[in-house]
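**Student:** These are the residues of each chain, in order.
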Amino acid sequence: MTTPPEIMMHLSEAAVSVELETAEMTLNIGPQHPSTHGVLRLVAKVDGERVSEVEPVIGYMHRGYEKLTEVRTYPQITALVNRIDWVSGFANEIPFMVAAERLMGIEAPPRAQYIRLILTEMARISSHLIFASSYPLEIGAATPLMHALRERERILDLLESVTGGRFHPNFNRIGGVKPAAGAGASTKKVSQDLPAGFLDETRVAMERVVSVCDDLDGLVSGNEIFQARTKGVGVIPVEIAKSYGVSGPNMRASGVPFDVRKVDDYLPYDQFDFDVAVGENGDCWDRYQVRLEEIRQAARIISQAIDSMPSGELQAKVPRIIKVPKGQVYVRAENPKGEMGYFVVSEGGRIPYRVKIRTASFSNLTILQWILKGILIPDIIAILGSLDFVLGDVDR
Amino acid sequence: MIAPLLGLEINFWLLLVVKMGLIAGVISGAALVAIYGELKISAHMQSRIGPYFAGGRFGWAQPIADGVKFFQKEDLMPDDADPFVYKAAPYVVLGGTVATFVIIPWGPDLSVRDLDLGLFYLLAVSSISTIGVLMAGWSSANKYSLMGGLRAAGQLIAYELPLVLAAVGVAIQAGTMSLGGIVEAQTQAVWTIGSVDIALPYVLGGQLIGFVIFITASLAELSRTPFDMPIAESELVSGYMTEYSGFRFAAFFLGEYAGMIALAAIASTLFLGGFWVPGVSADALQYLGPLVLAAKMGALIFLFIWMRWTFPRLREDQLQSLAWRWLIPAALLNIAVTAVFKVVL
Numbered sequence: 039m040t041t042p043p044e045i046m047m048h049l050s051e052a053a054v055s056v057e058l059e060t061a062e063m064t065l066n067i068g069p070q071h072p073s074t075h076g077v078l079r080l081v082a083k084v085d086g087e088r089v090s091e092v093e094p095v096i097g098y099m100h101r102g103y104e105k106l107t108e109v110r111t112y113p114q115i116t117a118l119v120n121r122i123d124w125v126s127g128f129a130n131e132i133p134f135m136v137a138a139e140r141l142m143g144i145e146a147p148p149r150a151q152y153i154r155l156i157l158t159e160m161a162r163i164s165s166h167l168i169f170a171s172s173y174p175l176e177i178g179a180a181t182p183l184m185h186a187l188r189e190r191e192r193i194l195d196l197l198e199s200v201t202g203g204r205f206h207p208n209f210n211r212i213g214g215v216k217p218a219a220g221a222g223a224s225t226k227k228v229s230q231d232l233p234a235g236f237l238d239e240t241r242v243a244m245e246r247v248v249s250v251c252d253d254l255d256g257l258v259s260g261n262e263i264f265q266a267r268t269k270g271v272g273v274i275p276v277e278i279a280k281s282y283g284v285s286g287p288n289m290r291a292s293g294v295p296f297d298v299r300k301v302d303d304y305l306p307y308d309q310f311d312f313d314v315a316v317g318e319n320g321d322c323w324d325r326y327q328v329r330l331e332e333i334r335q336a337a338r339i340i341s342q343a344i345d346s347m348p349s350g351e352l353q354a355k356v357p358r359i360i361k362v363p364k365g366q367v368y369v370r371a372e373n374p375k376g377e378m379g380y381f382v383v384s385e386g387g388r389i390p391y392r393v394k395i396r397t398a399s400f401s402n403l404t405i406l407q408w409i410l411k412g413i414l415i416p417d418i419i420a421i422l423g424s425l426d427f428v429l430g431d432v433d434r
Numbered sequence: 007m008i009a010p011l012l013g014l015e016i017n018f019w020l021l022l023v024v025k026m027g028l029i030a031g032v033i034s035g036a037a038l039v040a041i042y043g044e045l046k047i048s049a050h051m052q053s054r055i056g057p058y059f060a061g062g063r064f065g066w067a068q069p070i071a072d073g074v075k076f077f078q079k080e081d082l083m084p085d086d087a088d089p090f091v092y093k094a095a096p097y098v099v100l101g102g103t104v105a106t107f108v109i110i111p112w113g114p115d116l117s118v119r120d121l122d123l124g125l126f127y128l129l130a131v132s133s134i135s136t137i138g139v140l141m142a143g144w145s146s147a148n149k150y151s152l153m154g155g156l157r158a159a160g161q162l163i164a165y166e167l168p169l170v171l172a173a174v175g176v177a178i179q180a181g182t183m184s185l186g187g188i189v190e191a192q193t194q195a196v197w198t199i200g201s202v203d204i205a206l207p208y209v210l211g212g213q214l215i216g217f218v219i220f221i222t223a224s225l226a227e228l229s230r231t232p233f234d235m236p237i238a239e240s241e242l243v244s245g246y247m248t249e250y251s252g253f254r255f256a257a258f259f260l261g262e263y264a265g266m267i268a269l270a271a272i273a274s275t276l277f278l279g280g281f282w283v284p285g286v287s288a289d290a291l292q293y294l295g296p297l298v299l300a301a302k303m304g305a306l307i308f309l310f311i312w313m314r315w316t317f318p319r320l321r322e323d324q325l326q327s328l329a330w331r332w333l334i335p336a337a338l339l340n341i342a343v344t345a346v347f348k349v350v351l
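As they're listed, the protein sequences go chains A and B.
Residues are numbered in the working numbering as their position in the first sequence, beginning at 1, plus a constant of 38.
Residues are numbered in the working numbering as their position in the second sequence, beginning at 1, plus a constant of 6.
Honestly, the hints are just simulated from the structure, not real lab data.
Take the hints with a grain of salt, since some may be wrong.
With a straight-line Cα cutoff of 25 Å, these simulated SDA-like cross-link-like pairs (lysine to any residue) come out [what the hints assert, rightly or not]:
| hint | chain 1 | residue 1 | chain 2 | residue 2 |
| --- | --- | --- | --- | --- |
| 1 | B | LYS93 | B | SER48 |
| 2 | A | LYS269 | B | GLN324 |
| 3 | A | LYS83 | B | LYS149 |
| 4 | A | LYS269 | B | MET313 |
| 5 | A | LYS83 | B | LYS79 |
| 6 | A | LYS83 | B | TRP144 |
| 7 | A | LYS83 | B | MET313 |
| 8 | B | LYS149 | A | GLY86 |
| 9 | B | LYS46 | A | VAL276 |
| 10 | B | LYS79 | A | PRO72 |
This one's a predicted model, so the numbers in the text were calculated from it and none came from an experiment.
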């Protein structure tokens, strides 16, 4: 006796529905959790290990910086903005300074711009080294952390020797860089130049940074388990990346060779020869590789900048009390986390009327709901880590 | 047996108490050494110094100081926890591990009890600790704990099989399941060159694949990296241990290291010749045996620690596929090949 195909079909469907079904559980990841990079909260609907849906909740670190800028003078805002993304505090200052300078119609002298550029790239290296250390830790390897953080320490020491601050340099001034101690109303303003031996030490540090990248390649990238955990995980296709406004290394890992350093002129990047690191598949592995490559490229930029360091003024001529004329400007910069921009509206006077801060981490995180679907719980952590965000940069 | 060794006729119950005391002392002492080893070895692998001040030199007293600290900590229990199961879990873990030490032969006549079905007993009791882990995960009333406990259970089912199958190869080759017998079988000469008998431990004498499978499965049983998903701190906070504090946490901690020592002892006995070392007479082994076994265990524990600080963590599905698709077929093949050789040779 033969069974009609329709009945066979029903039988097979019945067999499927007999499969054990378990109740969905709501798992609250964060805001206090080892791998959410601060106070990100993810409300995940999980069935066993499988995640069906994730709802990110942000705002636990909101400090109201955009509002605070409306009651601060322009020089005071410098101290605020380098607390947005504290892993690369120096890089946050630059676009705001450039925005204020453009509104005032001045430009920092070349030497100041070079110092800004070197320190920005150092901030990038330090930020990416944090990523290179914490990402393997989230995948479960504890040792690369120490190797990468040790090198980062040298970079921070160099940053500190120039700016006096490791995380929050507060070093830029409108029209240049920080005046030396003692400068004020009564004394003539003396700008603070780089400390003695800084350039040589930086050159050595850059060589070490490149070698630690090779170490990490040997220790982490070549590891079979690391590759199994990252390759093909958390793939962001180009169209999706574009539509969600993903930027920075996350965007480039998807194969978009877009780098604000190449297209805008907020710092003299056009005078240096460097490659834009681009990935192919947009998975966690590519995001990791792109960042490692960016460390190498940043070291390359810094070495070139040291070789062609111009001499001269560190500070453009600015009035003692900074008043910005009426107008509005948007300046964006390629920060370690992605594209950061300040939209400054001035009604004239000592304080801005409105400052809109476009932070990279916030825009990058919008993709979470799309990407954290139908994956396993360990992949949540792998993907979160690979997006490399800072909660201060998200909530600001 | 210890009594003949000491040349004394001792009352059975007294002897039992002595043996229990010895096991408890040896396990906790060895666990402290292993903890210290892990602290120092991981430190040097990460360009750190590790414990330095406790105890005067080299920070040797750090594990003891940590232990004292655990005693001082408040013993917390979540309101919704199942009190009895929650409190019992750490001791089930520790007890299951300690029970394995009963049959480890430390010398020709030096074991608590050399059971005829030693291997069988061993593999049975070594699974008890996973029940403790599951108890902890279930009773903690915490979702992370629950997932940790379930991961541990899934891992046990997947890795108990290759562990047993790898040991079966040894049992076939030795022709006995008594651990003392297995060590003795490894002392038998494989070849005789001139008047020199050459005997090989099983890792060199045909069970290399079995050894690799056994060590891999041991790592999974111990939930150590790269198989530490049950406690994966970056995902599940601390897995089944999340809610534990104070002395109960210390019991888990001790259980983890005692488990490592137990599996190292078993692997040494099954594959590395146990207390036996070539060129030493049986009489001398009566006294040197424990040292020889301890040295072999130390080497294996170093391997475990080395792996832990080198590898990232696998994902749960990758762990399962490694067990079912690679380890178990390889172990079955190993058994088949061993059996053929056993019959042919």
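**Student:** If a hint holds in the structure, say so; if it doesn't, say that too.
**Tutor:** Here is what the structure says about each hint:
1. B:LYS93 <-> B:SER48: Since the Cα atoms of B:LYS93 and B:SER48 sit roughly 31 Å apart, the hinted pair is violated (cutoff 25 Å).
2. A:LYS269 <-> B:GLN324: holds, 13 Å
3. A:LYS83 <-> B:LYS149: holds, 12 Å
4. A:LYS269 <-> B:MET313: With Cα atoms ~22 Å apart, A:LYS269 and B:MET313 stay inside 25 Å; holds.
5. A:LYS83 <-> B:LYS79: violated, 35 Å
6. A:LYS83 <-> B:TRP144: holds, 19 Å
7. A:LYS83 <-> B:MET313: violated, 34 Å
8. B:LYS149 <-> A:GLY86: Measuring from Cα to Cα gives roughly 11 Å; hence the hint holds.
9. B:LYS46 <-> A:VAL276: Answer violated: B:LYS46 to A:VAL276 is near 46 Å, above 25 Å.
10. B:LYS79 <-> A:PRO72: Holds, because 22 Å separates the two Cα atoms, which is no more than 25 Å.
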